[in-house]
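Start from chain W and add chain V according to the hints.
Listed here are the chains, written in short residue letters.
Number of protein chains: 2
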Amino acid sequence: MTTTNRRMVLARRPVPAVAEDCFRLEESSIPEPGEGQFLVRVHWLSIDPAMRGWIADGPNYSPPVPLGEVMRSFTVGQVTASRHPDFPEGTWVSGRQGWQEWALSDGSDIDRIADPADGPLSYNLHLWGMTGLTAYLGLTMVGQPQAGETVAVSTAAGSVGSIVGQVARILGCRTVGFTGGPAKVAQCLEEFRYDAAIDYKASPDLAADLAAAAPDGIDVYYDNTGGPISDAVMERINVGARIVVVGTMAIPSSTPPPQGPRYNRAILVKRARMQGFLVLDHFHRLQEAVDQLGQWYREGRIHVREDVGDGLESAPRQLLRLLAGENEGKALVRLVS
Amino acid sequence: MTTTNRRMVLARRPVPAVAEDCFRLEESSIPEPGEGQFLVRVHWLSIDPAMRGWIADGPNYSPPVPLGEVMRSFTVGQVTASRHPDFPEGTWVSGRQGWQEWALSDGSDIDRIADPADGPLSYNLHLWGMTGLTAYLGLTMVGQPQAGETVAVSTAAGSVGSIVGQVARILGCRTVGFTGGPAKVAQCLEEFRYDAAIDYKASPDLAADLAAAAPDGIDVYYDNTGGPISDAVMERINVGARIVVVGTMAIPSSTPPPQGPRYNRAILVKRARMQGFLVLDHFHRLQEAVDQLGQWYREGRIHVREDVGDGLESAPRQLLRLLAGENEGKALVRLVS
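As given, the protein sequences belong to chains W and V, one line each in that order.
Going by the UniProt record's numbering, the first sequence opens with residue 1, and the numbers climb by one from there.
Going by the UniProt record's numbering, the second sequence opens with residue 1, and the numbers climb by one from there.
It should be emphasised that the hints constitute simulated quantities derived from the structure, not laboratory data.
Be careful, since some hints might not be right.
One side of the interface only, derived from the structure: several residues of chain W facing chain V at Cβ under 8 Å [stated by the list, open to error]:
| id | residue |
| --- | --- |
| 1 | V65 |
| 2 | V245 |
| 3 | P257 |
| 4 | R262 |
| 5 | N264 |
| 6 | R265 |
| 7 | R273 |
| 8 | M274 |
Cβ atoms here follow ideal geometry from the backbone N, Cα and C, with glycine treated the same way.
If we strip away everything but chain W, and leave its shape as in the complex, we get (with noise of 0.2 Å):
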C-alpha cells in the first residue's frame, strides 16, 4: 500500500488569467490520525467557477487560497482509519477537503455525512451539494419566480444552470437559456428542456434573439456571467424584476472593473431588483434543498450530467475548461476508480 500523498498546491496567483501553472503537484507522506482526528480518502473533487475568486487576490467573499497551499474544494471522501467517535472507519463524508488524495480532519471540515444509498456519491458534490443549493435558493429566494413569468439563466447548461432551468420549468415558468454552442444548445433544450436556448457565441444580435425567445420580457434573471449576455437581458427585463447575481464568469478581472453598459436607468425605470447570492451565507438550508430537489430527481424530473476528469493531474485542466465553457455538465475529478 502507497505511503505518498498527492496534493496539487497554489503555485501563483492568477495575473491576469488562470493557467495551469498557477498550480504545483507536491508530493508527501500520507499522516496518521492523532487522537479526535480521522484520515479521508478523497474520491471526489468539484471543480468550481467560484475558484478563480478564491486564488485571485482581490477583494472575494473567502480568503483568498494562501500560496503554497493546498488549493480549497469541495470533495467526497471516505474515512480510512479513524480516531473520532463522530467519524468511524467507512463513513463516507462530503466536505472541504482540497485538492489532495489523502486528508486529515478533525470535522471542522466537514460539512455532511454522505449516503451511498441516496444516490451516486459523487451528486453530493452537485444535485445534493452547493451547487443544487446554489441553484435552488439563489433562484427561489432572490428570483421569487412565479407560475407562468419569464426565467432566463446565462450558462444555462452548466451544473448550476441546468438545475435553475429545470427548477423554473418544475415551478411553471417559461425558461430562455443562454449557452455556448450548437451542442449545449442541444442539450439545453432536450435534457434540460429550456422552452428557449440561445447560442450566444454564434448569434449575431443578441438582443433579437432574446426579443424571439421571450417574446414577454424578462422577470427573472439568473446570472452566472455578468457581461454581454447580462446587457441583452437587461434592455429586456419587465417591471418588477428581479436579477440574481451569482458568478460573473464573462468579468475576467475586477481589479479594476471592466467597463460596460451603466445599468442604472434600467434598474429604475423598471423598479427591478438585482442581488447578489452567496450559498455560503444560506448553508444550514443544505437539508431543505436535498429534499426538494432529491424528491424532483427520483420522480425523474430533474437530470444531471457530470463532466469527470481522471487523476488529480486532471484538475488544473478540468478548472480551465470549466472556465473556458468547455466542459458539458458539472466539472469534477474522480481520484479513486
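Structure of chain V alone, referenced to chain W:
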C-alpha cells in the same frame, strides 16, 4: 381681469440634452368649467429631475409628454370656479395641472386637498408631496437603514437628498453627503447636519475622500445620480448593502446606456441589493409620509430650503438649473405673487 391663459408646451425632445428651446410659451383663452369640472388657478409648479425622462422619447415609467402638449408638472393651485361638488371655489388642491397658469380639471388629476393650516402651500410640492414621499419611503422601504449604519446620499443638498440625509440622521445613522461646491458642502453640514459632506466637483480623489468620510464603509446608498459618485460608493459598500436607485442625474442619456464600471462583482461579493424605487408605485402611502415628516418638521428636526423662480417663463430655466445641479433646495416656480 385677464382672459388669457399662458401655457408652456413641449416644442421638441431633448436630443441630446434638455435646452430652453425644448419648450415654447403659448397663449389661449381661460376655459370655463363644464358640468363636473372646475377651474384651477395654478400658484406653484414643481420642477423635478424626472422631467428629463418625461420629455425624452425613450423607455420610461410613464408615456412621454406629447409634442405640442402642456409640460407635465406637479402643481398647487386654488379652485376659482366650480361645477364639481367635491371641489368648491376656494379649495386648495395639489395635483398635476402642468406648466400653465389656469387649468380645467374633473378631479382625476388632483392628488390631494391642500390645507393652508399645515404650513406654506408650496410644501405640498416637496416635504408633504412626492419629494418627501420619495425620500422617506425610498430610504426606509428599500434602504432599510438601521441605527449605527452609514448612509451615503448623492445630490445630498437637493430637494430629495436633503430630506433623506435628515431622516437617516433622525433614525440614528451616520450620514455622508455628496454635493457640488463649497456653498452646498456648508449647507449639508450646517443646515442638513450631515456627519460628512464631499464636494464631488472639487475632490481630486473621490475614493479617498469617501474612505475618510465613511471609515466603516457604506451600508445604505441613496443614489440620485449614478455615474462617478456611485462608482466610488460601490467600491466601499459593506456586506448586505442596499443601493436605492432613485435617479440617474449623472447619466445624461440611456439610449444607448453610457459605459461605466461593471458592478456585478461588488454586488456578488458583498451580497448587495440594488433596487429601483419609483414613488408613483407608492402613492397610496403619501399620508403616512406626510404624517411622519410633518411631525418631524413641527418638532424642528427637518429643515427645507426652496429655490424659487418667478413666472411661467422661468420654468425651463429652473429645470436646466436643476439638471445642472445649480439649484439650492427644492426647485419651484411661483406663478402668483
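Consistency of the hints with the structure:
1. V65: 16 Å, violated
2. V245: Check passed: Cβ of V245 (chain W) comes within 5 Å of chain V, closer than 8 Å.
3. P257: Since the shortest Cβ distance to chain V is 4 Å, the answer is holds.
4. R262: 4 Å, holds
5. N264: 4 Å, holds
6. R265: 4 Å, holds
7. R273: 4 Å, holds
8. M274: Cβ of M274 (chain W) sits 4 Å from chain V, so the hint holds.
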